[in-house]
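Generate the whole structure from the sequences, applying the supplied hints.
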Amino acid sequence: MKAREIVESGSFGPEALKVAYGAFDAAWETIAPRFGDDPMVVEAARIRLANAILVVCTTHSRDPEALAREALAVLALEPRPAAKP
-1 MKAREIVESG
9 SFGPEALKVA
19 YGAFDAAWET
29 IAPRFGDDPM
39 VVEAARIRLA
49 NAILVVCTTH
59 SRDPEALARE
69 ALAVLALEPR
79 PAAKP
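Following the numbering used here, the numbering of the sequence shown begins with -1 at its first residue and continues without gaps.
FYI, nobody ran anything at the bench for these hints, they're computed from the structure. Idealized CB from N, CA, C, for every residue including glycine. Among the hints, erroneous ones may be present.
[Said to hold, decoys possible] Derived lysine to any residue pairs resembling SDA-like cross-links, with alpha carbons at most 20 Å apart:
(1) Lys0 <-> Arg46
(2) Lys16 <-> Thr28
(3) Lys0 <-> Pro12
(4) Lys16 <-> Arg2
(5) Lys16 <-> Leu70
(6) Lys0 <-> Ile29
(7) Lys0 <-> Phe33
(8) Lys0 <-> Val39
(9) Lys0 <-> Leu15
(10) Lys0 <-> Val40
(11) Lys16 <-> Pro62
(12) Lys0 <-> Asp23
(13) Lys0 <-> Asp36
(14) Lys16 <-> Glu68
(15) Lys16 <-> Arg46
(16) Lys0 <-> Asn49
(17) Lys0 <-> Ala24
[Claimed, not checked] So the derived label-pair ranges between C-beta atoms look like this:
(18) Met38 <-> Gly11: 27 to 35 Å
(19) Arg60 <-> Asp36: 30 to 38 Å
(20) Pro12 <-> Gly34: 29 to 37 Å
(21) Met38 <-> Glu13: 30 to 38 Å
(22) Glu13 <-> Val53: 15 to 23 Å
(23) Glu13 <-> Pro37: 27 to 35 Å
(24) Gly11 <-> Arg32: 31 to 39 Å
(25) Thr56 <-> Asp35: 27 to 35 Å
(26) Arg60 <-> Val39: 30 to 38 Å
What follows is the structure, encoded as structure tokens:
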């Protein structure tokens, strides 16, 4: 899945990568219902979340729940895409 590949693209060791995946999964579980079942909408949201995880994750990150909250805060600050006419 593309979102996981984005998280994996960060320069993290195995432990930090495990934390990043945990943060991604925890954050996605929180927001997934908001995106319905359109595969394109879901994938776009997952990609935005993966990028937010990369923004907040460091090699010293150890708490996936804290990273999930920080990533969700980053998403809340992103401008929303324009609605389709």
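Hint check:
Taking the CA atoms of Lys0 and Arg46, the gap is about 11 Å. The hint holds against a cut of 20 Å. For the proposed pair Lys16 and Thr28, the alpha carbon gap of about 19 Å is at most 20 Å, so the pair holds. Of the pairs offered as hints, the one joining Lys0 and Pro12 holds, with about 19 Å between alpha carbons and a cut-off of 20 Å not exceeded. The suggested pairing of Lys16 with Arg2 holds, with an alpha-carbon distance near 11 Å, which does not exceed 20 Å.
Distance restraint check for Lys16 and Leu70: the Cα-Cα separation of roughly 18 Å lies within the 20 Å cut-off, and the hinted pair is therefore satisfied. Proximity of Lys0 to Ile29 is assessed by CA-CA distance (about 18 Å); at most 20 Å being required, the pair is judged to hold. A hinted pair counts as satisfied when its Cα atoms are at most 20 Å apart, and Lys0 with Phe33 qualifies at roughly 17 Å. Between the alpha carbons of Lys0 and Val39 the distance comes to roughly 13 Å, so the proposed pair stays at or under 20 Å and holds.
With a CA separation close to 15 Å, the supplied pair Lys0 and Leu15 stays within the 20 Å bound. For a cut-off of 20 Å, the pair hint linking Lys0 to Val40 stands: about 11 Å separates their Cα positions. A distance of roughly 9 Å separates the Cα atoms of Lys16 and Pro62; the hinted pair therefore holds under the 20 Å criterion. Distance restraint check for Lys0 and Asp23: the Cα-Cα separation of roughly 14 Å lies within the 20 Å cut-off, and the hinted pair is therefore satisfied.
Of the supplied pair hints, the one linking Lys0 and Asp36 holds, its CA atoms being roughly 16 Å apart against a limit of 20 Å. Proposed proximity of Lys16 and Glu68 is supported: the alpha carbons are some 17 Å apart, at most 20 Å. Straight-line distance between C-alpha atoms of Lys16 and Arg46 comes to about 19 Å, which keeps the hinted pair within the 20 Å bound. A hinted pair counts as satisfied when its Cα atoms are at most 20 Å apart, and Lys0 with Asn49 qualifies at roughly 11 Å.
Taking the CA atoms of Lys0 and Ala24, the gap is near 17 Å; set against the 20 Å cutoff, the hint holds. At roughly 33 Å, the beta-carbon separation of Met38 and Gly11 lies within the given 27 to 35 Å, and the hint holds. Checked against the hint of 30 to 38 Å, the C-beta distance between Arg60 and Asp36 comes to roughly 35 Å, which is consistent with it. The hint said 29 to 37 Å for the Cβ distance between Pro12 and Gly34, and at roughly 34 Å that hint holds.
Look at Met38 against Glu13: about 33 Å separates their beta carbons, and that is inside 30 to 38 Å. Remark: the range hint 15 to 23 Å for Glu13 to Val53 is upheld by a beta-carbon distance near 19 Å. Checked against the given bound of 27 to 35 Å, the beta carbons of Glu13 and Pro37, roughly 32 Å apart, stay inside it. Evaluation of the 31 to 39 Å hint for Gly11 and Arg32 yields a pass: the beta carbon distance comes to about 32 Å.
For Thr56 and Asp35, the Cβ-Cβ distance of about 34 Å falls inside the hinted range of 27 to 35 Å, so the restraint holds. Checked against the given bound of 30 to 38 Å, the beta carbons of Arg60 and Val39, roughly 32 Å apart, stay inside it.
When the structure is compared with the earlier hints, no violation turns up for any of them.
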